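Number of protein chains: 2
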Amino acid sequence: MERVKRNERLGAMTRILTSENNRIHTLSEFCDLFGSAKSTISEDVDLIDESLKKYDMGSVDTVAGAAGGVRYRATMSKERVRGILQDLGRKLSDPNRLLPGGFLYTSDVSSDPNVTELLGNILAMQFYEAQPDFVLTMETKGIPLALMTARAINVPLVIARRDSKAYEGSAVKINYISGAENERIETMALSRRAVTAGSRALIIDDFMKGGGTLQGMVEMMAEFQAEVVGIGVMISTAQPEEKRCKDAKSLLVLQAIDRNTGTCVVEPSKDVLVD
Amino acid sequence: MERVKRNERLGAMTRILTSENNRIHTLSEFCDLFGSAKSTISEDVDLIDESLKKYDMGSVDTVAGAAGGVRYRATMSKERVRGILQDLGRKLSDPNRLLPGGFLYTSDVSSDPNVTELLGNILAMQFYEAQPDFVLTMETKGIPLALMTARAINVPLVIARRDSKAYEGSAVKINYISGAENERIETMALSRRAVTAGSRALIIDDFMKGGGTLQGMVEMMAEFQAEVVGIGVMISTAQPEEKRCKDAKSLLVLQAIDRNTGTCVVEPSKDVLVD
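For the record, the sequence lines run as chains A and B. For the first sequence, this note's numbering gives the first residue as 1, with consecutive numbering after it. For the second sequence, this note's numbering gives the first residue as 1, with consecutive numbering after it.
Everything labelled a hint here was simulated from the structure, so no lab data went into it. Keep in mind that the hints are not guaranteed to be accurate.
Since copy identity is lost for identical chains, a pair holds within one copy or between any two.
Said to hold, decoys possible - In silico DSSO-like pairs for lysine-lysine, Cα to Cα no more than 30 angstroms straight-line:
#1 Lys5 <-> Lys78
#2 Lys173 <-> Lys91
#3 Lys165 <-> Lys91
#4 Lys78 <-> Lys270
#5 Lys270 <-> Lys53
#6 Lys53 <-> Lys38
#7 Lys209 <-> Lys173
Quick caveat: nothing in here was measured; it's all calculated off a predicted structure.
Build the full structure now, drawing on both the sequences and the hints.
Set out below in structure tokens:
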């Protein structure tokens, strides 16, 4: 087998490690690919880890045990998380985003690939330890963030629908209560094939006001006998304080929209910044 | 400024280059970060490029001109593209995926982060030269693929809805014809804020049968005076041959579903594999 020099390995190795976040690679995988000894590959991994850590770009950790190996996670310092959320909060506090009816326009942000990838990495940091088997969201606006969170944790994404579809096969359909001020009954459907009993769900959505949709997803998971191990959202509103869904971690808080002065304030949430 | 050794730079540099596909970085950006001379950084870039190319993991190219620099693209060989599409075709040809009504269950695949990231990279390879300003899709199932394509090209994603929403502001709403066998009139809505006149749209969806939804998106872009520079889908059906939307490039073709024998055949499409 051809031996490859360190300088010629590091680029490819960094790419392999970082392209699939949270995936465990055995050292043998790299030994075979590069024709190098395990001790050499192990030194490479240490170099890559140091380099990434030094510039706050995540780390490569060693996972012990039979299914062990090395694993990259795009973690970041609390300072970097704070900076990202402050920038995003400022962007969302732009008065031009205020819409008739007291709504805030967030669709450009919630479907931006770079923003959702960063936020997905931040959400994943909150929920790695909960070890979800999949991420659940409900159509439509939360899908990009949920996909990027699933990507970061390296698990599948499952999408609940407003109604069942012939191309998703037989489905479980539930009613849930939505609307912070005016209660409405809404329906939510999820393909029977999508979730296995006993599996662990991480629920992700882009926006929480009353918390009804999130609570609907919690109830949907009970129908599937799946366990909810975490709930995360991009933005939650400060009002109403009492949410239908408890225990959701939010990245940002929409403090207030003042329709008279045309101002709104979106700030980093304490949920992810307190030690 | 502290000087950083090559071995300590390569990991971080590879991560910076590969984490934002198709983004141009100036060499000065790296000189400042690592405290190195331009010639040194230039050698680093060459090493990373060689390492990535050698293992079919894309390339770092130099872009000339005033806004020039170096840019990573997750391109891959035709052989690797064929392998990925063949594997996916086999996975989708599983008889257990057949649903009542002659539908094929694809939702697990179309929302898988790793699958959609690979397919997004492959779709991006088809459309880099078309230089889209944004990717457009219609809710729901195509969103993950469209997001990953937008991520690969490094442009925003825009999501058309079945109906307008108060939290997306004033919208353009159109009627379009859907359904391959039974024509139906459907509606599609898109926020006025989402698209600028004169911009270039790449339309992406997960599935094309009659092509009505894609053609609806083409007509929506005409309403916004935006130019459609490309159309890509994950799977198109061989029948009907005549689609409402012409010129869509498909990654896979659903050749046939035989409900009597319970078989279906999904194969790589010629659209992306012919030179």
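Going through the hints against the structure:
no. : hint              : verdict
1   : Lys5 <-> Lys78    : between (36 angstroms within a copy, 27 angstroms between copies)
2   : Lys173 <-> Lys91  : between (37 angstroms within a copy, 28 angstroms between copies)
3   : Lys165 <-> Lys91  : between (37 angstroms within a copy, 21 angstroms between copies)
4   : Lys78 <-> Lys270  : within (12 angstroms within a copy, 48 angstroms between copies)
5   : Lys270 <-> Lys53  : within (25 angstroms within a copy, 44 angstroms between copies)
6   : Lys53 <-> Lys38   : both (22 angstroms within a copy, 23 angstroms between copies)
7   : Lys209 <-> Lys173 : both (23 angstroms within a copy, 27 angstroms between copies)
This entry satisfies every hint, going by the numbered hints stated previously.
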